[in-house]
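Q: Each chain, letter by letter, is given below.
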Amino acid sequence: MSLFRYASSIYGGSDTLIGANYGLLPWFALAGIGFAFAHAVFKAVAAPNKPR
Amino acid sequence: MSMGEEMTAGSSAGAGRIERHKSIDRVYHWLMAAAMLILLVTAFLPILGIKFAWVDIHWITGLVLTVIVLFHIIRASFWQSFWSMMIDSGDLKDPFGKPGKYSLAQKLYHLAIAVLILAAIASGLLMWRKVDTPFWQRDPYWLSTDSWGVVYAVHGLAAMALVTMVIIHVYFALRPDEWYLLRSMLRGWITRKEYQDHHDPRRWTAKDEG
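Chain order of the listed sequences is A and B.
Per this note's numbering, numbering through the first sequence is continuous, rising by one, with the last residue being 52.
Per this note's numbering, numbering through the second sequence is continuous, rising by one, with the last residue being 1210.
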């Protein structure tokens, strides 16, 4: 999946960049949730007694 | 200890409190949080299919965010301990040891947020030219199509990355072992015990709350 969105040129030239691909939004959200989950598991299993 | 008890811990021992955040900095933090949430909601709900008149709310909130970030940069540069947020040799020698006021992870987070917000603000200010405001009529031809594409791509990628960063920030704020930091952002102080447990006094010479 591309990071960017492109539009076809009406003049037949190369595609034009028009912005970020917002279809990636769920993946960015999942990255945050995944990091939080992984950190919580790590703290609970691997380092339960360390203060921080 | 519950979150409610954590928020009032040390209340009976006023002399044992260490000031961590001044009230002006806490107001800045929560204003920025509100602005960020409004900006993300007004940006992404329409993309997710929830349609409403979001443009005016978005650019006005973006302008508010720009002003308060400028305020923060000036205040951090001249009135706060600017270097307390910079990565130093102590962080690199012992990344998991007791930090000064901020840990290496907090400094890296701040750096990432700073880059993303400055990218979003810079691109957002350019995109402002494509919106009718009380100050000017929109001009979609102000930049070339290719340049607008780059501006929109930077703004969109920064905004989506900020979603990731906000989720991580909220997660850490809600972790019970970080509640003392949440309290310090609400009430301004940590207890002397928390200061001794979590910080190296040689790297952060804290003041008792006055």
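In case anyone wonders, no lab produced these hints; they're calculated from the structure.
Just so we're clear, the structure is a prediction, and the values are computed from it rather than from any experiment.
Virtual Cβ for every residue (Gly too), placed ideally from N, Cα, C.
One or more of the hints may lead you astray.
[Said to hold, decoys possible] Derived lysine-lysine pairs resembling DSS-like cross-links, with alpha carbons at most 30 Å apart:
no. : chain 1 : residue 1 : chain 2 : residue 2
1   : A       : Lys43     : B       : Lys1051
2   : B       : Lys1207   : B       : Lys1130
3   : B       : Lys1051   : B       : Lys1207
4   : B       : Lys1093   : B       : Lys1193
5   : B       : Lys1107   : B       : Lys1051
6   : B       : Lys1107   : B       : Lys1207
7   : B       : Lys1130   : B       : Lys1107
8   : B       : Lys1022   : B       : Lys1130
9   : A       : Lys43     : B       : Lys1098
10  : B       : Lys1130   : A       : Lys43
11  : A       : Lys43     : B       : Lys1093
12  : B       : Lys1193   : B       : Lys1051
13  : A       : Lys43     : B       : Lys1101
14  : B       : Lys1093   : B       : Lys1107
[As the list claims (entries may be wrong)] One-sided excerpt, in silico: chain A residues whose CB lies under 7 Å from chain B:
no. : residue
15  : Met1
16  : Phe4
17  : Ser8
18  : Ile10
19  : Tyr11
20  : Gly12
21  : Gly13
22  : Leu17
23  : Gly19
24  : Gly23
25  : Gly34
Q: Run every hint past the structure and note whether it holds.
A: Comparing the hints with the structure gives:
| no. | hint | in the structure |
| --- | --- | --- |
| 1 | Lys43/A with Lys1051/B | 40 Å, violated |
| 2 | Lys1207/B with Lys1130/B | 48 Å, violated |
| 3 | Lys1051/B with Lys1207/B | 50 Å, violated |
| 4 | Lys1093/B with Lys1193/B | 25 Å, holds |
| 5 | Lys1107/B with Lys1051/B | 37 Å, violated |
| 6 | Lys1107/B with Lys1207/B | 21 Å, holds |
| 7 | Lys1130/B with Lys1107/B | 35 Å, violated |
| 8 | Lys1022/B with Lys1130/B | 38 Å, violated |
| 9 | Lys43/A with Lys1098/B | 17 Å, holds |
| 10 | Lys1130/B with Lys43/A | 47 Å, violated |
| 11 | Lys43/A with Lys1093/B | 23 Å, holds |
| 12 | Lys1193/B with Lys1051/B | 50 Å, violated |
| 13 | Lys43/A with Lys1101/B | 22 Å, holds |
| 14 | Lys1093/B with Lys1107/B | 15 Å, holds |
| 15 | Met1 | 12 Å, violated |
| 16 | Phe4 | 5 Å, holds |
| 17 | Ser8 | 12 Å, violated |
| 18 | Ile10 | 11 Å, violated |
| 19 | Tyr11 | 11 Å, violated |
| 20 | Gly12 | 15 Å, violated |
| 21 | Gly13 | 11 Å, violated |
| 22 | Leu17 | 3 Å, holds |
| 23 | Gly19 | 3 Å, holds |
| 24 | Gly23 | 9 Å, violated |
| 25 | Gly34 | 9 Å, violated |
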